[in-house]
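Q: When you line the sequence shown up against the numbering used here, it's residues -16 to 136, in that order.
Hints listed in this document are in silico derivations from the structure and should not be mistaken for laboratory results.
Watch out, some of these pointers could steer you wrong.
Said to hold, decoys possible - FRET-style restraints, in silico, Cβ to Cβ:
| # | residue 1 | residue 2 | range |
| --- | --- | --- | --- |
| 1 | Ala56 | Glu105 | 16 to 24 Å |
| 2 | Glu125 | Lys(-2) | 23 to 31 Å |
| 3 | Ile48 | Glu25 | 15 to 23 Å |
| 4 | Lys2 | Ala56 | 17 to 25 Å |
The C-beta atom is built at its ideal place from N, Cα and C for all residues, glycine as well.
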Amino acid sequence: MKVIFLQDVRGVGRKGEQKEIKDGYARNFLIPKKLVEVAAPESLKKWQKIWQDKEKQEQENITEIQEAKKKIAALVFHAELKTIKEGGVVESVSKQSIKEFLEKNIGLSANWRIEKDQIHLEHNLKDTGEHSVKISLGRGVEAGLKIVVSHVQ
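Please model the entire structure based on the sequences and the hints provided.
A: Next up, the structure:
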């Protein structure tokens, strides 16, 4: 019997997959538990539409990630950190401040955002000068953000 999986079934099939399985297994176990539906022409048309919509959404996400990478590469984050008279630095550039800067400057859509764990910063930046930080955007795409740190009193 040809079926379409509505959910992942370990060792058998994945959601959305169309597969030929034994009739008894489908009728006695998978169909009653609503794990699959019979691959009738109507259900195939419905799933074809779902697959096309998913493919279209995936392409839009890839395009948006590539645009975000270009925007991030063009940005420079200027951070002015406060110091005290003894020469110690009071502030630092953290993942949170980088995240806020990116959200404000690259205009992300509602369904896509940058989280702190996507920012590869080993420690907070306190030293003056230029620094480069890698940001994972998903789908194996990384962008480099240039950060210029200066001290003010």
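Q: Indicate, hint by hint, whether the structure satisfies it.
A: Going down the list of hints, with the structure as the test:
no.	hint	verdict
1	Ala56 / Glu105: 16 to 24 Å	holds, 21 Å
2	Glu125 / Lys(-2): 23 to 31 Å	holds, 29 Å
3	Ile48 / Glu25: 15 to 23 Å	violated, 35 Å
4	Lys2 / Ala56: 17 to 25 Å	violated, 43 Å
The earlier numbered hints that this structure contradicts are 3 and 4.
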